[in-house]
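K.L.:
Work out the full structure: start from the sequences and follow the hints.
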Amino acid sequence: AQKVTQAQTEISVVEKEDVTLDCVYETRDTTYYLFWYKQPPSGELVFLIRRNSFDEQNEISGRYSWNFQKSTSSFNFTITASQVVDSAVYFCALSGATDSWGKLQFGAGTQVVVTP
Amino acid sequence: DGGITQSPKYLFRKEGQNVTLSCEQNLNHDAMYWYRQDPGQGLRLIYYSQIVNDFQKGDIAEGYSVSREKKESFPLTVTSAQKNPTAFYLCASRPGLADLYNEQFFGPGTRLTVL
Numbered sequence: 001a002q003k004v005t006q007a008q009t010e011i012s013v014v015e016k017e018d019v020t021l022d023c024v025y026e027t028r029d030t031t032y033y034l035f036w037y038k039q040p041p042s043g044e045l046v047f048l049i050r051r052n053s054f055d056e057q058n059e060i061s062g063r064y065s066w067n068f069q070k071s072t073s074s075f076n077f078t079i080t081a082s083q084v085v086d087s088a089v090y091f092c093a094l095s096g097a098t099d100s101w102g103k104l105q106f107g108a109g110t111q112v113v114v115t116p
Numbered sequence: 001d002g003g004i005t006q007s008p009k010y011l012f013r014k015e016g017q018n019v020t021l022s023c024e025q026n027l028n029h030d031a032m033y034w035y036r037q038d039p040g041q042g043l044r045l046i047y048y049s050q051i052v053n054d055f056q057k058g059d060i061a062e063g064y065s066v067s068r069e070k071k072e073s074f075p076l077t078v079t080s081a082q083k084n085p086t087a088f089y090l091c092a093s094r095p096g097l098a099d100l101y102n103e104q105f106f107g108p109g110t111r112l113t114v115l
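Quick note, the sequences are listed as chains A and B, same order.
Residue 27 in the working numbering sits at position 27 of the first sequence; the count goes up by one each step and never skips.
Residue 110 in the working numbering sits at position 110 of the second sequence; the count goes up by one each step and never skips.
Calculated from the structure, these hints are not laboratory results.
Among the clues, some could well be false.
To be verified - As a list, the in silico DSS-like pairs of lysine-lysine whose alpha-carbon atoms are at most 30 angstroms apart: (1) A/K38 x A/K3; (2) B/K57 x B/K14; (3) A/K3 x B/K14; (4) A/K70 x B/K70; (5) A/K3 x B/K83; (6) B/K70 x B/K83; (7) A/K38 x B/K71; (8) B/K57 x B/K83; (9) B/K9 x B/K70; (10) A/K38 x A/K16; (11) B/K83 x B/K9; (12) B/K14 x B/K83; (13) B/K9 x B/K57; (14) A/K38 x A/K70; (15) B/K9 x A/K38.
Claimed, not checked - Reference excerpt, derived from the structure (chain A facing chain B, CB under 7 angstroms, subset only): (16) A7; (17) K16; (18) F35; (19) W101.
We put the beta carbon where it would ideally sit given N, CA and C, even for glycine.
P.N.:
Here's what the structure looks like:
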């Protein structure tokens, strides 16, 4: 069975502060795929990043960065110098290679509130 | 523009009625998915389909039905058997059957309220 845990229900920050969202996963697959999605108030999920289990390189995209550590089964997401537009719910998701259907197991999500 | 459309955006239903949520994609994707989202919770998989005329139950299929008569369309029917249907419903699609590394693309969602 696969499981994704996002222990932080809500994080509130003031604009320009950094915020880190935790994601811990469980899977028996040796090959798996991890994803982060953003859900703004409009409701549509927006894809942010994907990572496969063999690629532990950290990634930076503008103000966003991701830290993937297989040793701790974590795939954390940091927003640097947060802005009001970053206010959204962020989901971490997992797909295992033994599931040929590409189904995603989602975490419960973390609500990020950025105030001016 | 390529994408996924869901209609209607808001839907109100009386108890005991069936209702059908539309999902259409013009991305030429093979796989399509339906998720349910309740407040403060993650997405839970209702049904999914990899090819036309074939679909599989997800984790919470009871009270729901789907069809996949065309590649671009995957409508979801919420039946009267679904005991607590008020939720936000999201449709998604993914290209290809073999490459699991592809992300799922999501539609804008339908918010269903049972009165």
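K.L.:
Decide, hint by hint, whether the structure agrees.
P.N.:
For each hint, the structure was consulted:
| no. | hint | in the structure |
| --- | --- | --- |
| 1 | A/K38 x A/K3 | holds (19 angstroms) |
| 2 | B/K57 x B/K14 | holds (25 angstroms) |
| 3 | A/K3 x B/K14 | violated (35 angstroms) |
| 4 | A/K70 x B/K70 | violated (40 angstroms) |
| 5 | A/K3 x B/K83 | holds (26 angstroms) |
| 6 | B/K70 x B/K83 | holds (29 angstroms) |
| 7 | A/K38 x B/K71 | holds (27 angstroms) |
| 8 | B/K57 x B/K83 | holds (17 angstroms) |
| 9 | B/K9 x B/K70 | holds (22 angstroms) |
| 10 | A/K38 x A/K16 | holds (19 angstroms) |
| 11 | B/K83 x B/K9 | holds (21 angstroms) |
| 12 | B/K14 x B/K83 | holds (12 angstroms) |
| 13 | B/K9 x B/K57 | holds (24 angstroms) |
| 14 | A/K38 x A/K70 | holds (23 angstroms) |
| 15 | B/K9 x A/K38 | holds (19 angstroms) |
| 16 | A7 | violated (13 angstroms) |
| 17 | K16 | violated (27 angstroms) |
| 18 | F35 | holds (6 angstroms) |
| 19 | W101 | holds (6 angstroms) |
Hint check: violations occur at hints 3, 4, 16, 17; the rest are consistent with the structure.
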